[in-house]
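Quick mapping for you: the protein sequence lines, in order, are chains Y and A. One point on numbering: in our numbering, the residue at position 25 of the first sequence is 25, and numbering is uninterrupted. If you want our numbering, it's the 1-based position in the second sequence plus 1000.
Warning: the hint list may mix true and false statements.
Quick partial rundown of chain Y residues pointing at chain A, CB under 7 Å, derived from the structure [claimed, not checked]:
| # | residue |
| --- | --- |
| 1 | Ile29 |
| 2 | Leu38 |
| 3 | Thr40 |
| 4 | Tyr75 |
Taking lysine-lysine and the DSS-like style, the derived pairs with C-alpha atoms no more than 27 Å apart in a straight line are [unchecked claim]:
| # | chain 1 | residue 1 | chain 2 | residue 2 |
| --- | --- | --- | --- | --- |
| 5 | Y | Lys66 | A | Lys1080 |
| 6 | Y | Lys93 | A | Lys1176 |
| 7 | A | Lys1259 | Y | Lys31 |
| 8 | A | Lys1330 | Y | Lys66 |
| 9 | A | Lys1176 | Y | Lys74 |
| 10 | A | Lys1330 | Y | Lys93 |
| 11 | Y | Lys112 | A | Lys1180 |
| 12 | A | Lys1259 | Y | Lys93 |
| 13 | A | Lys1449 | Y | Lys93 |
| 14 | A | Lys1360 | Y | Lys31 |
| 15 | A | Lys1449 | Y | Lys47 |
| 16 | A | Lys1080 | Y | Lys2 |
| 17 | A | Lys1459 | Y | Lys112 |
| 18 | A | Lys1320 | Y | Lys74 |
| 19 | A | Lys1393 | Y | Lys112 |
| 20 | Y | Lys66 | A | Lys1180 |
| 21 | Y | Lys31 | A | Lys1263 |
| 22 | Y | Lys31 | A | Lys1459 |
| 23 | Y | Lys12 | A | Lys1320 |
| 24 | Y | Lys74 | A | Lys1173 |
| 25 | A | Lys1180 | Y | Lys31 |
| 26 | A | Lys1320 | Y | Lys9 |
| 27 | A | Lys1176 | Y | Lys87 |
| 28 | A | Lys1176 | Y | Lys85 |
| 29 | A | Lys1320 | Y | Lys93 |
| 30 | A | Lys1138 | Y | Lys47 |
| 31 | Y | Lys112 | A | Lys1173 |
Since the hints were made in silico from the structure, they are not lab data. We put the beta carbon where it would ideally sit given N, CA and C, even for glycine.
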Amino acid sequence: MKSISDVLKEKKYGLHFGNRVLLPFSCHILKLNIENDLITDFSPSCKGVHVSENSDFMEIYFYNYKDISEYITKYEAIKLIVVEKGKDVFNTKNHITLALRPEENHQLRIEKLGENQIFIE
Amino acid sequence: MFRSNKLIVFFFLISLYFFGFQEIRAETITVSQDSVSSTFVTETLESEHQLPSVFMVIPFIVLLGMIATGPLFYHHFWEKNYPIVAVLLGLVTVFYYLLFLNDTHSLLHTLAEYLSFIALLSSLFVASGGILIRVDRKSTPLLNAGILLFGAVIANIIGTTGASMLLIRPFIKINKDRIKPYHIIFFIFLVSNVGGALTPIGDPPLFLGFLRGVEFFWVIQHVWYIWLPAIFLIALVFVFIDSKNVSKDTDAQDSYSGKIEFKGMKNVFFLLAIVISVFIDPAVMGWVPDLKPLPFGIREIIMFSMVVISYRSADESILKANEFNFEPIKEVAYLFVGIFATMIPALQLISHEANVLGEKLTPGIFYWSTGVLSSFLDNAPTYLNFLSAALGKYGMDVSLPAQVSDFAYIHPIYLSAISVAAVFFGAMTYIGNGPNFMVKSISERSGIKMPSFFGYMIKYSIPILIPFFIIVWIVFYFNGG
């Protein structure tokens, strides 16, 4: 599986289908924002979101959103604070803030959150 | 889901307008045949409709209860269904007025006020969304207090909504390393509410008073000596709390350029156009055409045009940086459809009781009544009803601008009490004033966990603001009248 830095460097896209997001990398998710929802509980008992890992990709299901593309508008994004698998999760310098932007044809733009945008840890 | 909501609202407004137009036209024709003045038409229409049943306050209480408890106990149901809930509860009141009271005048009047309200709010929201301010400075309590005070001042020029939208993101960004909910809450206190007490542009209730005949500079002349200590004292409390937070902060090692960057200058001109359009009203400028029986005027057309123009011409990178979306204003628009409609009976009953009590009503009673109700109801119609009651106490009529203007100078303490309370108490809850909700939403999308409806009141607004409001009451209104 590719690393987050490779995905960002290669400008590789993820995918989105309804309430499901597919990411071409593997990571630990620390915090996530979709709409007004701030999610920090990624345990199996969490009813709002489910994260699963496959050999080549990672997927996130948003149970409270039937189709994320209907909720995330043109200038918005799903925001995540993540740590690359294998890196020290306790070192805040390894914490990366990502923006996921749903586009047409199920493409999901993955980018580092711009310096003008805010997602507080 | 949202398409069907829009359709419900569309048919709601169309049917309201259609029924209202038919009745107003019929009544106008009848009255004009008898050669009676238009003033009399208004008075007759207002007086001939009977008071609503006390039970019709229930939809309003239910809606307020759901706004308060929805995000707390049934978050996802509420997030998905608040438009339907707000519109359906509004429709209960609308049908009651149409079918049982045969009173379309109250509905049309409310519709016109709603359109004015949402035109001002949405235009300021969209125009300010195309402006980006970047402040690359280290967060200090004094810098924060400076921003809050600056916001309180400009709220009187571009409205509390415009000032809130313009400053909330830079304020969050400056404090990103140590932000806490109290930062946002003091922002709501000062920039989104108390700050806007000096001019009719500052806050919608003062704007309604201006349209009814209160002179533009009356507010600043009669409120500045209350406004000034209030904002400085609230800012002082903020500095005290923020200083404690700074001392705990040990990680601030970033370097700062000290630069302040401003992008989106053309939207400043749009904001200016919106501010100027506030005066484009037949009641203020005689040459402005009156579009009655349409429930909006030239001013609203200009404001809604500014929404389209400023959005279409905005720089995409600024919109992206501001994470611009219509959700906050959509939320306000939907909830306030319900609030404006369901509060008609509540306000009419309050107004009636206020008129009945007459002589017993002191400035202190007006201050607290306007304030407490403005905390939970929309402060604009609350202001207007208490203004009407205060005028009624002296046999004057709120529909006659000359009498309103006279009242403002003969009995200034009453108007001052109502104006101050309507604006200041808007900070008591998330629903007290339009920008409160928007600021909350933007903060949550920026990763800040905001307190619940009751958490906001219990932890912040009651312990911090109520003592200030008591001081204002004791100093300015306790022995007045």
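Verification of the hints:
no., hint, in the structure
1, Ile29, "violated (14 Å)"
2, Leu38, "holds (6 Å)"
3, Thr40, "violated (9 Å)"
4, Tyr75, "holds (5 Å)"
5, Y:Lys66 with A:Lys1080, "holds (11 Å)"
6, Y:Lys93 with A:Lys1176, "holds (16 Å)"
7, A:Lys1259 with Y:Lys31, "violated (30 Å)"
8, A:Lys1330 with Y:Lys66, "holds (20 Å)"
9, A:Lys1176 with Y:Lys74, "holds (24 Å)"
10, A:Lys1330 with Y:Lys93, "violated (38 Å)"
11, Y:Lys112 with A:Lys1180, "holds (24 Å)"
12, A:Lys1259 with Y:Lys93, "holds (25 Å)"
13, A:Lys1449 with Y:Lys93, "holds (23 Å)"
14, A:Lys1360 with Y:Lys31, "violated (57 Å)"
15, A:Lys1449 with Y:Lys47, "holds (19 Å)"
16, A:Lys1080 with Y:Lys2, "violated (36 Å)"
17, A:Lys1459 with Y:Lys112, "violated (36 Å)"
18, A:Lys1320 with Y:Lys74, "holds (8 Å)"
19, A:Lys1393 with Y:Lys112, "violated (63 Å)"
20, Y:Lys66 with A:Lys1180, "violated (32 Å)"
21, Y:Lys31 with A:Lys1263, "violated (30 Å)"
22, Y:Lys31 with A:Lys1459, "holds (26 Å)"
23, Y:Lys12 with A:Lys1320, "holds (20 Å)"
24, Y:Lys74 with A:Lys1173, "holds (22 Å)"
25, A:Lys1180 with Y:Lys31, "holds (17 Å)"
26, A:Lys1320 with Y:Lys9, "holds (21 Å)"
27, A:Lys1176 with Y:Lys87, "holds (24 Å)"
28, A:Lys1176 with Y:Lys85, "holds (26 Å)"
29, A:Lys1320 with Y:Lys93, "holds (25 Å)"
30, A:Lys1138 with Y:Lys47, "violated (39 Å)"
31, Y:Lys112 with A:Lys1173, "holds (17 Å)"
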